[in-house]
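Top to bottom, those sequences are chains A and B. With the working numbering applied, the first sequence covers 23 to 159. With the working numbering applied, the second sequence covers 172 to 546.
FYI, nobody ran anything at the bench for these hints, they're computed from the structure. For every residue, glycine included, the Cβ atom is placed at its ideal position computed from N, Cα and C. Careful, some of the hints might be misleading.
[Unchecked claim] Restraint ranges, calculated between C-beta atoms of paired labels, are given here: (1) A:Tyr89 with B:Lys362: 43 to 51 Å; (2) B:Val236 with A:Gly37: 25 to 33 Å; (3) A:Gln57 with B:Pro255: 45 to 53 Å.
[Claimed, not checked] List time: in silico DSS-like cross-link candidates among lysine-lysine, alpha-carbon distance up to 27 Å: (4) B:Lys521 with A:Lys124; (5) B:Lys521 with A:Lys120; (6) B:Lys517 with A:Lys124; (7) B:Lys517 with A:Lys120; (8) B:Lys317 with B:Lys546; (9) B:Lys530 with B:Lys517; (10) B:Lys530 with B:Lys546.
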Amino acid sequence: MSRHVVAKVGEIPPGQRKILVIGERRIGVFHSNGQYFALLDRCPHQGASLCSGMLFSLVDSSGPGEYRTSRESEMLRCPWHGWEFDIRTGQSWCDPSKMRVKTYPVSVEPGAELVKGPYVAETYPVAVEDEYVLVEI
Amino acid sequence: MSIPSMVGPELEDSRSKSKGLRVVDCDIHPSASSPTELAQFLPEGWRKHLGTYGARMPNQPTSNVVPYPRMAPGHGMRMDSWPPNGGFPASDLEFMREQLLDACDIEFGILQPLSGGSLTTNQELGAALSDAMNEWQLEKWTRKDKRLKAAICVPQEDPASAVATIERYAKDRDFVHIAVPTRTMEPFGRKRYWPIFEAAERSDLPICMHAPATGYHCNTPTGWVSYYIEEHVAFAHPPQTIITSMIMEGVFERFPGLKVVLVEGGFAWVPPLAWRLDSLWKRMRDEVPRVKRPPSEYLREHFWFTTQPVEESERPSDLLDTIRWIGADRLMFSTDYPHWDFDDPKRAFKVELSEDDRKAIFRENAVALFRLDEK
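All chains, full assembly: derive it from the sequences and hints.
This is the structure we're talking about:
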């Protein structure tokens with residue numbers, strides 16, 4: 023396991039994402055309602071760039087004629103076939119037990135902490151006064 | 172620890188590299204770059220007519236709106252298929268090369284143009300639009316990339332015009348099939364369409380019947396459905412009527428060389444349809460004495476099916492059984508590019524095909540049927 027600085031806090035606006043390469047992996051880092059989530063950028067269905075998809079709310083219904091939405095901008099929809107994935111867990115909405123996309127832990131840390139650690143030199147220019155988003159691979 | 176970087180166009184995705192799979196894609200939907208592009212291929216009189224009155228199509232309010240809006244945003248397209256330089260998906264040859272032909276190692280791509288004259292209610296305009304579509308395919312696609320092969324678009328409800336169109340283009344090997352939508356005005360085995368069958372047989376060109384967004388009838392026999400998900404399922408209905416009608420009307424007794432490809436209608440329903448036809452034929456054969464053999468024999472000899480969207484059976488072995496029954500020699504791979512329900516050749520089948528079946532489905536059946544190895 024290793025941690026990688028992927029962005030400065032504020033660099034990814036709310037509701038947006040940054041897709042980047044860490045090692046051999048393409049990872050999408052999402053900023054949703056003040057929280058960050060990281061997912062592998064490959065749909066488990068047919069391999070599309072899942073993290074290029076749009077974020078939607080979860081649409082649900084208690085019966086015909088009714089619908090409600092929840093979990094604003096936390097469902098990621100594949101740009102090819104529209105499969106929905108929960109950005110918190112990577113689980114597919116329709117087949118949560120079998121179909122999931124890999125997720126990675128994300129944390130936010132102050133630059134003052136990072137300059138002490140081993141993260142700085144090879145990754146991202148870090149300033150003591152800023153905060154950074156880290157993904158653990 | 173590695174250095175993260177933003178993904179740029181220079182990044183090669185390992186999945187997009189060829190894995191030695193040579194592919195013929197039997198369902199590519201080319202698009203015009205602008206609403207007026209196709210009109211440039213019309214004679215001036217029809218161009219003026221089109222500008223003043225538009226192209227009236229059954230159950231479609233205007234030519235830019237489909238009856239069932241789909242997968243917005245994106246207009247029913249793969250979200251990543253919008254060309255970076257602007258324009259509609261599959262309207263830019265350079266980007267189609269990059270995203271489809273090169274990325275998926277497509278050796279030949281069969282064009283299936285969807286809008287045009289076949290469903291224009293003014294049939295004279297329909298004939299003119301068909302010709303415009305044929306010239307447009309040559310000019311914009313097949314002469315610029317020899318991998319792409321065109322469809323002879325015809326106004327099938329006016330068979331005399333359709334035959335004239337077929338005869339005009341049949342000798343040009345840039346054209347490899349005749350395109351007819353699945354929701355025709357009458358069941359497709361009826362005699363009014365026989366001149367088209369005769370011309371198709373004479374020119375040794377298969378007829379490709381693609382499920383259109385629009386058609387001369389409701390999208391199901393009991394009326395218009397509520398949802399796009401229902402319409403998508405209903406793409407599988409007209410092909411079953413086509414098979415039944417053409418066999419029962421005796422089309423293949425009269426035209427033993429006729430070949431029909433059912434495009435994007437699915438294929439898992441084929442075995443039970445054949446069983447039903449055969450069992451009924453044994454009981455009522457004398458109603459249709461022109462049908463001399465079990466219907467399933469005509470079906471196996473005269474029909475081909477494209478694969479997209481490949482059925483995803485719960486148990487993989489069920490799909491293999493289905494393929495075995497239909498015959499791996501009758502299935503032909505298709506992507507449906509640039510539509511949202513695109514199938515990637517390396518990921519479409521969730522089951523392991525034998526090497527022979529894989530070669531047949533992904534390439535050889537189409538090469539033989541469309542005579543792609545002829546110059």
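Structure-based check of all given hints:
1. Checked against the hint of 43 to 51 Å, the C-beta distance between Tyr89 (chain A) and Lys362 (chain B) comes to roughly 50 Å, which is consistent with it.
2. Checking the proposed 25 to 33 Å range against Val236 (chain B) and Gly37 (chain A) shows it holds: the Cβ atoms sit about 29 Å from each other.
3. Gln57 (chain A) and Pro255 (chain B) have their C-beta atoms about 31 Å apart, which leaves the hinted 45 to 53 Å range violated.
4. Our distance criterion of 27 Å between C-alpha atoms is met by Lys521 (chain B) and Lys124 (chain A), whose separation comes to about 20 Å.
5. For the hint pairing Lys521 (chain B) with Lys120 (chain A), the CA-to-CA distance comes to about 14 Å; that is within 27 Å, so the pair holds.
6. This hinted pair checks out: Lys517 (chain B) and Lys124 (chain A) have alpha carbons roughly 21 Å apart, not beyond 27 Å.
7. About 21 Å separates the Cα atoms of Lys517 (chain B) and Lys120 (chain A), which keeps this hinted pair within 27 Å; it holds.
8. For a cut-off of 27 Å, the pair hint linking Lys317 (chain B) to Lys546 (chain B) stands: about 11 Å separates their Cα positions.
9. Straight-line distance between C-alpha atoms of Lys530 (chain B) and Lys517 (chain B) comes to about 13 Å, which keeps the hinted pair within the 27 Å bound.
10. Distance hint between Lys530 (chain B) and Lys546 (chain B) is fulfilled; the C-alpha atoms sit about 22 Å from each other, no more than 27 Å.
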